[in-house]
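Here the protein sequences come in this chain order: B and X.
Per our numbering, the first sequence starts with residue 99, numbered consecutively.
Per our numbering, the second sequence starts with residue 99, numbered consecutively.
Worth double-checking, as some hints may not be accurate.
Unchecked claim - Listed below are the simulated PhoX-like cross-link pairs for lysine-lysine, each with C-alpha atoms no more than 25 Å apart in a straight line:
id, chain 1, residue 1, chain 2, residue 2
1, X, 284, B, 329
2, X, 401, X, 315
3, B, 130, B, 329
4, X, 335, X, 320
5, X, 130, B, 315
6, X, 335, X, 317
7, X, 335, X, 401
8, B, 335, X, 285
9, B, 199, B, 329
10, X, 241, B, 335
11, X, 335, B, 329
12, X, 130, B, 320
13, X, 205, X, 285
14, X, 130, X, 284
15, X, 285, X, 199
16, X, 205, B, 317
17, X, 284, B, 130
18, X, 317, B, 130
19, B, 401, B, 335
20, X, 401, X, 317
21, X, 335, B, 130
22, B, 199, B, 315
23, X, 284, X, 199
24, X, 130, B, 130
25, X, 329, X, 317
26, B, 284, B, 205
To be verified - For the chain X half of the interface with chain B, some residues (derived, Cβ under 7 Å), not all of them:
id, residue
27, 125
28, 148
29, 149
30, 161
31, 352
32, 353
33, 362
34, 381
Derived by calculation from the structure, the hints in this document are not laboratory data.
For clarity, every value in this text was computed on a predicted model and none was experimentally measured.
Note that CB positions come from ideal geometry on N, CA and C, so glycine has one too.
There are 2 protein chains.
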Amino acid sequence: MLSSGISELIQELKTRGARRVALQFPEGLKRKAARYAAGLREAGFDVMVSGDPCYGACDLALDTLADADVLVHVGHTPVDNRDRVIFIPYSVDFDVTILEKALPLLKEKTVSLVTTVQHVHLVPAMEEFLRSRGIDTRVAEGKGRTPCRGQVLGCSFSAAKDAGADEILYVGTGLFHPIGIALSTKKRVVALDPLSGICSEVSGETLLRRRFAIIEKAKAAKNTAIILSTKSGQARKELAEGLAALSPGAVIVTMQEVSPDELTNLGFGCYVNTACPRLAYDDQVRFPVPVLSPQEFEIVCGKRRWDDYTVDEIP
Amino acid sequence: MLSSGISELIQELKTRGARRVALQFPEGLKRKAARYAAGLREAGFDVMVSGDPCYGACDLALDTLADADVLVHVGHTPVDNRDRVIFIPYSVDFDVTILEKALPLLKEKTVSLVTTVQHVHLVPAMEEFLRSRGIDTRVAEGKGRTPCRGQVLGCSFSAAKDAGADEILYVGTGLFHPIGIALSTKKRVVALDPLSGICSEVSGETLLRRRFAIIEKAKAAKNTAIILSTKSGQARKELAEGLAALSPGAVIVTMQEVSPDELTNLGFGCYVNTACPRLAYDDQVRFPVPVLSPQEFEIVCGKRRWDDYTVDEIP
Numbered sequence: 099m100l101s102s103g104i105s106e107l108i109q110e111l112k113t114r115g116a117r118r119v120a121l122q123f124p125e126g127l128k129r130k131a132a133r134y135a136a137g138l139r140e141a142g143f144d145v146m147v148s149g150d151p152c153y154g155a156c157d158l159a160l161d162t163l164a165d166a167d168v169l170v171h172v173g174h175t176p177v178d179n180r181d182r183v184i185f186i187p188y189s190v191d192f193d194v195t196i197l198e199k200a201l202p203l204l205k206e207k208t209v210s211l212v213t214t215v216q217h218v219h220l221v222p223a224m225e226e227f228l229r230s231r232g233i234d235t236r237v238a239e240g241k242g243r244t245p246c247r248g249q250v251l252g253c254s255f256s257a258a259k260d261a262g263a264d265e266i267l268y269v270g271t272g273l274f275h276p277i278g279i280a281l282s283t284k285k286r287v288v289a290l291d292p293l294s295g296i297c298s299e300v301s302g303e304t305l306l307r308r309r310f311a312i313i314e315k316a317k318a319a320k321n322t323a324i325i326l327s328t329k330s331g332q333a334r335k336e337l338a339e340g341l342a343a344l345s346p347g348a349v350i351v352t353m354q355e356v357s358p359d360e361l362t363n364l365g366f367g368c369y370v371n372t373a374c375p376r377l378a379y380d381d382q383v384r385f386p387v388p389v390l391s392p393q394e395f396e397i398v399c400g401k402r403r404w405d406d407y408t409v410d411e412i413p
Numbered sequence: 099m100l101s102s103g104i105s106e107l108i109q110e111l112k113t114r115g116a117r118r119v120a121l122q123f124p125e126g127l128k129r130k131a132a133r134y135a136a137g138l139r140e141a142g143f144d145v146m147v148s149g150d151p152c153y154g155a156c157d158l159a160l161d162t163l164a165d166a167d168v169l170v171h172v173g174h175t176p177v178d179n180r181d182r183v184i185f186i187p188y189s190v191d192f193d194v195t196i197l198e199k200a201l202p203l204l205k206e207k208t209v210s211l212v213t214t215v216q217h218v219h220l221v222p223a224m225e226e227f228l229r230s231r232g233i234d235t236r237v238a239e240g241k242g243r244t245p246c247r248g249q250v251l252g253c254s255f256s257a258a259k260d261a262g263a264d265e266i267l268y269v270g271t272g273l274f275h276p277i278g279i280a281l282s283t284k285k286r287v288v289a290l291d292p293l294s295g296i297c298s299e300v301s302g303e304t305l306l307r308r309r310f311a312i313i314e315k316a317k318a319a320k321n322t323a324i325i326l327s328t329k330s331g332q333a334r335k336e337l338a339e340g341l342a343a344l345s346p347g348a349v350i351v352t353m354q355e356v357s358p359d360e361l362t363n364l365g366f367g368c369y370v371n372t373a374c375p376r377l378a379y380d381d382q383v384r385f386p387v388p389v390l391s392p393q394e395f396e397i398v399c400g401k402r403r404w405d406d407y408t409v410d411e412i413p
């Protein structure tokens with residue numbers, strides 16, 4: 099992994115002997131493509147940009163890489179091993195004293211600290227700050243899809259579980275990650291947005307109630323499609339086949355992008371999402387019919403009890 | 099090619115010794131997927147459905163086929179040779195006496211007849227009807243991307259050119275095909291919608307004026323992306339590379355679906371479309387900035403004269 103400077107990237111590409119370079123950016127950083135492409139072309143490389151939607155390192159532009167020597171993927175850490183992919187993190191800084199805002203909400207003296215990839219470089223400074231305020235701060239080592247210390251993804255909360263404290267402090271934007279952490283760990287979760295300073299205790303209860311309503315609605319569906327992603331790090335084929343076997347009316351449907359339009363056009367009464375776990379939880383309001391997680395479909399099929407509800411993660 | 103009956107399809111699949119079958123439908127027919135899947139599963143096949151957008155045989159679900167023995171593609175004729183793909187046409191009938199409505203608009207005694215894939219089975223009946231009304235009717239043989247007699251595609255109007263008459267009768271829905279035929283052949287074109295009976299003479303002049311305005315706007319763009327499709331029958335790589343070489347600021351951007359959101363996110367000042375030719379002409383109103391055809395970009399770069407404007411086709 100490299101820092102985000104183009105000159106370091108050029109050095110790395112030269113070391114690798116690359117000539118044809120494919121570039122990939124997530125949605126929020128796509129506008130940087132033109133500048134990167136111009137810089138690399140000036141340095142003598144042939145450049146192609148992947149213009150498809152990208153939301154994570156689970157979503158590598160392997161079709162563009164097929165025609166290049168190297169794929170440069172900006173903004174995420176790797177979720178699997180790929181020789182010909184260079185991952186460039188995109189760091190977002192903040193003043194760690196903003197964590198002061200979280201202190202009144204913490205109830206325990208021992209706290210597990212987690213954050214998202216754009217802030218993982220600040221984990222040591224955040225640890226130091228919390229310890230200076232008397233908090234015994236635990237941070238899990240990186241592993242698997244979350245290679246950085248303290249890192250969580252929308253599909254992997256193991257850093258929150260592994261750190262071991264009874265209370266978890268999530269530092270990052272959005273509520274999806276802390277809600278997922280609450281459901282996954284069953285522990286108390288405090289979420290701090292480090293950019294706005296807004297801090298709150300987060301619970302999975304509201305999401306759970308909504309999900310139970312959707313599960314009930316799904317039971318009335320006449321047929322079911324099991325969505326199997328064609329993205330590199332989301333293609334859970336064994337899972338999809340196992341779920342399809344649970345119901346005689348279930349059919350596997352392959353999809354690159356899981357879009358409301360396509361679900362409407364296909365016209366199934368219910369979908370089970372084995373692609374990015376966030377889709378079922380975050381985007382239900384955009385979808386025409388229930389889109390269940392794998393575990394929720396097991397409840398519908400009587401293979402799992404309501405009490406064993408758990409949030410979907412990719413190991 | 100088969101008729102649209104599932105029993106004939108099952109016979110063909112058995113003859114081929116297929117066990118795992120992938121199904122693909124265009125947008126308007128996607129709702130048939132559940133019924134086809136159920137029928138094939140009952141007959142003992144493993145079935146997967148491709149849920150990605152599909153607008154033609156240029157857009158084969160090769161990623162789904164990678165995990166199956168055969169891909170069944172419904173609604174289009176082949177644009178290239180593929181051993182493991184079965185194409186099932188989808189025929190839409192109408193009473194050919196509706197062509198009576200076109201007679202008052204025809205000025206010549208010799209007319210070239212063209213139509214789209216869902217009506218090609220009616221070409222002999224349409225010929226007979228027109229001849230019975232004293233029209234010397236010419237129909238081109240199928241070739242290349244348009245294998246059926248008299249067939250045109252949104253990217254290939256050669257059946258209109260090859261039939262040779264000075265006047266062309268297009269029977270089909272929509273105005274894109276007849277406008278494309280007018281621009282491609284420079285001949286008089288009469289379009290008859292066989293479902294509504296609405297008939298009119300069609301000219302490319304309005305489209306041309308709009309395109310000239312867009313070309314002018316594109317000249318002010320600070321940078322340009324050349325869109326290279328990753329779809330099987332739209333990937334015109336040599337063309338894209340040739341166009342990128344015309345301008346020092348041009349970068350190749352690979353895309354599966356050319357969507358307004360992605361063009362906005364990428365933020366280039368102008369795009370050149372080497373994917374489905376219809377995108378530039380039909381969807382400009384949805385795009386945030388000029389999306390040019392290859393020939394239009396040649397005009398911008400001074401490699402083609404305005405007088406040599408021609409509509410983009412895929413040979």
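Okay, the hints, checked on the actual structure:
no.: 1; hint: X:284 with B:329; in the structure: violated, 45 Å
no.: 2; hint: X:401 with X:315; in the structure: holds, 17 Å
no.: 3; hint: B:130 with B:329; in the structure: holds, 23 Å
no.: 4; hint: X:335 with X:320; in the structure: holds, 23 Å
no.: 5; hint: X:130 with B:315; in the structure: holds, 23 Å
no.: 6; hint: X:335 with X:317; in the structure: holds, 24 Å
no.: 7; hint: X:335 with X:401; in the structure: holds, 19 Å
no.: 8; hint: B:335 with X:285; in the structure: violated, 53 Å
no.: 9; hint: B:199 with B:329; in the structure: violated, 39 Å
no.: 10; hint: X:241 with B:335; in the structure: violated, 40 Å
no.: 11; hint: X:335 with B:329; in the structure: holds, 23 Å
no.: 12; hint: X:130 with B:320; in the structure: holds, 14 Å
no.: 13; hint: X:205 with X:285; in the structure: holds, 12 Å
no.: 14; hint: X:130 with X:284; in the structure: violated, 39 Å
no.: 15; hint: X:285 with X:199; in the structure: holds, 20 Å
no.: 16; hint: X:205 with B:317; in the structure: violated, 62 Å
no.: 17; hint: X:284 with B:130; in the structure: violated, 43 Å
no.: 18; hint: X:317 with B:130; in the structure: holds, 22 Å
no.: 19; hint: B:401 with B:335; in the structure: holds, 19 Å
no.: 20; hint: X:401 with X:317; in the structure: holds, 13 Å
no.: 21; hint: X:335 with B:130; in the structure: holds, 24 Å
no.: 22; hint: B:199 with B:315; in the structure: violated, 41 Å
no.: 23; hint: X:284 with X:199; in the structure: holds, 23 Å
no.: 24; hint: X:130 with B:130; in the structure: violated, 42 Å
no.: 25; hint: X:329 with X:317; in the structure: violated, 29 Å
no.: 26; hint: B:284 with B:205; in the structure: holds, 16 Å
no.: 27; hint: 125; in the structure: holds, 5 Å
no.: 28; hint: 148; in the structure: holds, 5 Å
no.: 29; hint: 149; in the structure: holds, 4 Å
no.: 30; hint: 161; in the structure: holds, 5 Å
no.: 31; hint: 352; in the structure: holds, 5 Å
no.: 32; hint: 353; in the structure: holds, 4 Å
no.: 33; hint: 362; in the structure: violated, 9 Å
no.: 34; hint: 381; in the structure: violated, 15 Å
Hints 1, 8, 9, 10, 14, 16, 17, 22, 24, 25, 33 and 34 from the earlier list are contradicted by this structure; the remaining hints agree with it.
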